[in-house]
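Asks: Sequence:
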Amino acid sequence: MQKLRRRSALGILAVATVVVTSFGPPAAAAPSHPPAQLADRDRNHLSDDLQAELSGAAAGARFPVLVTFSGPGGVASAHEAVGAFRVTERFDLIRGFGAVMTGAQAEALAETPGVFRVEQDFPVQATMDAADRDFGTEAARQTFNVTGQGVEVCIVDTGVDPAHEQLDSKTSLGSSSIDFFDAVNGLTTAYDDQGHGTHVASIAVGDGTGGPQAASFGGVAPGASLSVAKVLNSLGSGTASQVIAGIDWCADRPNVRVISMSLGSSTPSDGQDALSLSVNRAVVEKGKVVVVAGGNSGDDQSTVGSPGAAARAIT
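Residue numbering for the sequence shown is 5 to 319, as defined by the numbering used here.
Bear in mind the hints are in silico, worked out from the structure with no lab data behind them.
Be a bit skeptical, because a hint or two may be false.
Stated by the list, open to error - With a Cα cut of at most 25 Å, we get these calculated SDA-like pairs of lysine to any residue:
#1 Lys290 x Gly222
#2 Lys290 x Thr151
#3 Lys290 x Arg257
#4 Lys290 x Gly212
#5 Lys290 x Gln153
#6 Lys290 x Glu93
Construct the entire structure; sequences and hints are all you get.
Replies: Now the structure itself:
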């Protein structure tokens, strides 16, 4: 029965967090959409968006890129193949890294055996600034008699305000505070200089206590614990490599069961970009439930960005 309740708690958290990550301001869907640009349609191991960028670039221009491998390979072999470049990030879940290199180096690296894809370190944005007030989770909690107790949720977003009335009682499992990772500014104390992450965290795990109206704004899993990875800046923007770093951190935490990301690229993806692959590995290798915003670009083909396009994500 305990296992059933625990699975039910995870199910409620997953479904509820999907709702949290799905709502956004209304937008008119275009009648048709271009094919996914975070893709490699000509199979030359160079992403279509980066290839388009390189075609009009000045000689010697440098680009932030992500490199993933389908076989043996890494920074050392890449340096050997194309010469020196600056490494910006080394990934844990996927075989790859982030770097800044010239267009010529990117093109040459794409032709190197074992390289799966060279792509832009593309921008990502927070994707939700509105949410429905009520979507039935209270009834679900009562039916299964669960609150999320014993489950830790890792929010990947703009950070968190630990003094917020919905979150000031929250800690990470086994900790006396909210464990925090900052891929943007490298700080160690939890903060949120934009507000979106605190909003999302409150909807997910807010305890429903505080001011006179606090109970009306409690989270869908008030008993869950919380950890937070800050990957978006004060404008609600970041890069794919920063989000991957946040996923790596969350996935490495043994008590985390759910990873929630209300963010994504504005460019549609084929689900094979580095960020989407990181989501897949967090699910397959680490056993996490990963829920991601689908965005609001319409209901046609090729409208979901990364990491929502990941095959293993609940989007």
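Asks: Compare the structure with each hint and give your call.
Replies: Now the hints, each set against the structure:
At roughly 29 Å between alpha-carbon atoms, Lys290 and Gly222 are farther apart than 25 Å, so this suggested pair is violated. Restraint check for Lys290 and Thr151: the C-alpha separation of about 23 Å stays at or below 25 Å, so the hint holds. Restraint check: the Cα-Cα separation between Lys290 and Arg257 comes to about 9 Å, which is no more than 25 Å; the hinted pair holds. For the hint linking Lys290 to Gly212, the alpha-carbon distance of about 31 Å lies beyond 25 Å, and the restraint is violated.
Between Lys290 and Gln153 the alpha-carbon distance is near 20 Å, which keeps this suggested pair within the 25 Å criterion. Taken as a hint, the Lys290 and Glu93 pair is honoured in the structure, with Cα atoms around 21 Å apart against an allowance of 25 Å.
The structure shown violates the earlier hints numbered 1 and 4.
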